[in-house]
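Number of protein chains: 2
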Amino acid sequence: MAFRPILGIDPGSRAMGYGIILDSGAGIKFETAGVLRPPQDLGLAEKLLFLFDGLTKIIDHFKPTVSAVEAVFNARNARSALILGHARGVALLASSTRALQVFEYTPAQVKQAVVGYGRAEKSQVQQMVKLLLNLQKAPAQDAADALAVAICHANSTLNRIAARPGLRQGDR
Amino acid sequence: MAFRPILGIDPGSRAMGYGIILDSGAGIKFETAGVLRPPQDLGLAEKLLFLFDGLTKIIDHFKPTVSAVEAVFNARNARSALILGHARGVALLASSTRALQVFEYTPAQVKQAVVGYGRAEKSQVQQMVKLLLNLQKAPAQDAADALAVAICHANSTLNRIAARPGLRQGDR
Numbered sequence: 004m005a006f007r008p009i010l011g012i013d014p015g016s017r018a019m020g021y022g023i024i025l026d027s028g029a030g031i032k033f034e035t036a037g038v039l040r041p042p043q044d045l046g047l048a049e050k051l052l053f054l055f056d057g058l059t060k061i062i063d064h065f066k067p068t069v070s071a072v073e074a075v076f077n078a079r080n081a082r083s084a085l086i087l088g089h090a091r092g093v094a095l096l097a098s099s100t101r102a103l104q105v106f107e108y109t110p111a112q113v114k115q116a117v118v119g120y121g122r123a124e125k126s127q128v129q130q131m132v133k134l135l136l137n138l139q140k141a142p143a144q145d146a147a148d149a150l151a152v153a154i155c156h157a158n159s160t161l162n163r164i165a166a167r168p169g170l171r172q173g174d175r
Numbered sequence: 004m005a006f007r008p009i010l011g012i013d014p015g016s017r018a019m020g021y022g023i024i025l026d027s028g029a030g031i032k033f034e035t036a037g038v039l040r041p042p043q044d045l046g047l048a049e050k051l052l053f054l055f056d057g058l059t060k061i062i063d064h065f066k067p068t069v070s071a072v073e074a075v076f077n078a079r080n081a082r083s084a085l086i087l088g089h090a091r092g093v094a095l096l097a098s099s100t101r102a103l104q105v106f107e108y109t110p111a112q113v114k115q116a117v118v119g120y121g122r123a124e125k126s127q128v129q130q131m132v133k134l135l136l137n138l139q140k141a142p143a144q145d146a147a148d149a150l151a152v153a154i155c156h157a158n159s160t161l162n163r164i165a166a167r168p169g170l171r172q173g174d175r
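For the protein sequence lines, the chains are A and B, in the order given. Numbering-wise, this note's numbering comes out as the position in the first sequence, counting from 1, plus 3. Numbering-wise, this note's numbering comes out as the position in the second sequence, counting from 1, plus 3.
Bound-form chain A, shown alone:
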C-alpha cells in the first residue's frame, strides 16, 4: 500500500508546529512531528530564516507533496496579525519553493475534522490527535495542531472520516 506524506503546519514566529502523517487512502499513520523554536535573541529576519531552513529541511527529508496550513481569521489585533503573517508567509513560501501544493483550512474546519465539533478546545484536539494516530502520549500543542491540520486535509481530500481506532472500513 502506497503511503502519501502530508505536511501539516501550525504557523507562529516563536513556535512553528509541524507534523507529517502518511495517508494510504484507507487510513493514516503518524510519521513525525515537532516544534521549531528560533532562539529568542535573533532579530525577526533571522528568526524567519531559522524557521524557513527548518521547514525546508523537513520537506527535503520526508518529501511530502502537499502541505496543509491553518488559515487564520481570529487574530487578536492588527499588530499580532502582522507578526503571525510573517511566520505564515514563510510557511507558505517553504512549501512553494519545494513545489508542494498548499491547502488552507480554517481552525473550525480542522476542529470539525479531528474532534467532530468546530468549536472544540485545544486540549480536545490534542487528545483526538493522540487517539487518531495511535500515539503513546499527546504531542506538544503546536505539534498536535500541525498534525490536526494534516489530518483535516487527509479527510477532506477523500471526503471521508479519518481511520479511527475501532472503526472498520465497512463502518464508514
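Check the hints yourself; a few may be wrong.
[Claimed, not checked] Below, computed lysine-lysine pairings styled on BS3-like, alpha-carbon distance capped at 30 Å:
id: 1; chain 1: B; residue 1: Lys66; chain 2: A; residue 2: Lys60
id: 2; chain 1: B; residue 1: Lys60; chain 2: A; residue 2: Lys66
id: 3; chain 1: B; residue 1: Lys125; chain 2: B; residue 2: Lys66
id: 4; chain 1: A; residue 1: Lys60; chain 2: B; residue 2: Lys32
id: 5; chain 1: B; residue 1: Lys125; chain 2: B; residue 2: Lys60
id: 6; chain 1: A; residue 1: Lys125; chain 2: A; residue 2: Lys60
id: 7; chain 1: A; residue 1: Lys125; chain 2: A; residue 2: Lys140
id: 8; chain 1: A; residue 1: Lys66; chain 2: A; residue 2: Lys140
id: 9; chain 1: B; residue 1: Lys32; chain 2: B; residue 2: Lys125
[Claimed, not checked] Among the chain B residues that face chain A by a calculated CB cut under 10 Å, a handful are:
id: 10; residue: Phe6
id: 11; residue: Ala48
id: 12; residue: Leu54
id: 13; residue: Asn80
id: 14; residue: Leu96
id: 15; residue: Val105
[To be verified] Derived, one-sided and incomplete: chain A residues facing chain B with beta-carbon distance under 7 Å:
id: 16; residue: Ala5
id: 17; residue: Phe6
id: 18; residue: Leu45
id: 19; residue: Glu49
id: 20; residue: Leu52
id: 21; residue: Gly57
id: 22; residue: Ala84
id: 23; residue: Gly88
id: 24; residue: His89
id: 25; residue: Arg91
id: 26; residue: Leu95
id: 27; residue: Leu96
id: 28; residue: Val105
id: 29; residue: Leu134
id: 30; residue: Asn137
id: 31; residue: Leu138
Simulated from the structure, these hints should not be mistaken for laboratory data. For glycine and all other residues, C-beta sits at the position ideal for the given N, C-alpha and C.
Given chain A, put chain B in place with the hints provided.
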C-alpha cells in the same frame, strides 16, 4: 570613492516595491528601482514565491549588503495586517537568506528623513525622492517608497542629511 548599495523594500503582496541606491558616505545616487507584481491568478503561496524569487534575483545581481524595510504599524485591520505580514515576511527572509543586515524604519521616520516632515503625503515623498536622486521623473509610488526607506537608512546610518541638490558638504 566606494559606493555601498542599499536595498530599500516597500512590502506588499500585490505590489512589492524595491529600490537600490548607492551610498558613498558623502552622497547617494540612484541605481535601480521597480515594482514586483505577481500574476493575480496565482495562489498566495505562489505569489510569495514570485516575490521571493524576484527579490533574491535583485539581491544577487546588485549585491547590497543591507536592506531597509518599512515597518508597519498602521494596518487598517487584522485581516489586511495578516496579508501584509506574509509579504513582509518574504521580504525579510529574502534579505536574511542572502545574509543582508536588515533595518526597519517606521513610515514617520522615512517621511522625516526624505521630506523633513513625519506626516508628509505620499506624493511629497515621490517628489522628494525624484529630487534627491536627480531622476528625470518621479518613480512609481511603490518604487518611490522603497527608495525612500533606502534613503532613510543612508541618512540614519551616518547621522547626516541626504546630499540634497544645491547643498554642499560644508553646509551640513
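Okay, the hints, checked on the actual structure:
Distance check on the hinted pair: Lys66 (chain B) and Lys60 (chain A) sit about 26 Å apart at the alpha-carbon level, within 30 Å; holds. The straight-line distance between the Cα atoms of Lys60 (chain B) and Lys66 (chain A) is roughly 26 Å, inside the 30 Å bound, and the hint therefore holds. A distance of roughly 28 Å separates the Cα atoms of Lys125 (chain B) and Lys66 (chain B); the hinted pair therefore holds under the 30 Å criterion. Proposed proximity of Lys60 (chain A) and Lys32 (chain B) is contradicted: the alpha carbons are some 40 Å apart, above 30 Å.
Among the hinted pairs, Lys125 (chain B) with Lys60 (chain B) is consistent with the structure: their alpha-carbon atoms are about 28 Å apart, no more than 30 Å. Taken as a hint, the Lys125 (chain A) and Lys60 (chain A) pair is honoured in the structure, with Cα atoms around 28 Å apart against an allowance of 30 Å. Taking the CA atoms of Lys125 (chain A) and Lys140 (chain A), the gap is about 15 Å. The hint holds against a cut of 30 Å. For the hint pairing Lys66 (chain A) with Lys140 (chain A), the CA-to-CA distance comes to about 25 Å; that is within 30 Å, so the pair holds.
Taken as a hint, the Lys32 (chain B) and Lys125 (chain B) pair is honoured in the structure, with Cα atoms around 21 Å apart against an allowance of 30 Å. Checking Phe6 (chain B) against chain A: minimum C-beta separation of about 24 Å lies over 10 Å; hint violated. A distance limit of 10 Å between C-beta atoms decides the matter here; for Ala48 (chain B) the minimum to chain A is near 4 Å, and the interface restraint holds. Because the closest C-beta pair between Leu54 (chain B) and chain A is about 9 Å apart, less than 10 Å, the hint holds.
Hint status for Asn80 (chain B) relative to chain A: holds, with the closest Cβ pair at about 6 Å, below 10 Å. Because the closest C-beta pair between Leu96 (chain B) and chain A is about 5 Å apart, less than 10 Å, the hint holds. Hint status for Val105 (chain B) relative to chain A: holds, with the closest Cβ pair at about 4 Å, below 10 Å. Evaluation of the Ala5 (chain A) hint against chain B yields a violated restraint, the C-beta minimum of about 25 Å exceeding 7 Å.
Evaluation of the Phe6 (chain A) hint against chain B yields a violated restraint, the C-beta minimum of about 24 Å exceeding 7 Å. Interface hint status for Leu45 (chain A): violated, as the beta-carbon distance to the closest one in chain B is roughly 9 Å, over 7 Å. Annotation: Glu49 (chain A) was flagged as interfacial toward chain B, and the flag holds, the nearest CB pair being 6 Å apart, inside 7 Å. For Leu52 (chain A), the shortest C-beta to C-beta distance to chain B is roughly 4 Å, which falls under 7 Å, so the interface hint holds.
The beta carbon of Gly57 (chain A) comes no nearer than 13 Å to any beta carbon in chain B, farther than 7 Å, and the hint placing it at the interface is violated. Nearest Cβ of chain B to the Cβ of Ala84 (chain A): about 4 Å, under the 7 Å cut. The hint holds. Using the Cβ-Cβ criterion of 7 Å, the hint placing Gly88 (chain A) at the interface with chain B is satisfied: the shortest such distance is roughly 2 Å. Interface restraint check for His89 (chain A): the shortest CB-CB distance to chain B comes to about 3 Å, inside 7 Å, so the restraint holds.
Because the beta carbon of Arg91 (chain A) sits about 6 Å from the nearest beta carbon in chain B, less than 7 Å, this interface hint is met. The beta carbon of Leu95 (chain A) comes within 4 Å of a beta carbon in chain B, closer than 7 Å, and the hint placing it at the interface holds. With a least beta-carbon distance of about 5 Å to chain B, the hint placing Leu96 (chain A) at the interface is held under the 7 Å criterion. Because the beta carbon of Val105 (chain A) sits about 4 Å from the nearest beta carbon in chain B, less than 7 Å, this interface hint is met.
Taking 7 Å as the C-beta contact cut-off toward chain B, the hint placing Leu134 (chain A) at the interface is violated, the least distance being around 31 Å. The interface hint given for Asn137 (chain A) is broken, as the beta carbon of that residue sits about 31 Å from the closest beta carbon of chain B, more than 7 Å. For Leu138 (chain A), the suggested interface contact is broken, since its CB lies about 29 Å from the closest CB of chain B, more than 7 Å.
In terms of the numbered hints stated before, the structure departs from hints 4, 10, 16, 17, 18, 21, 29, 30 and 31, listed from lowest to highest.
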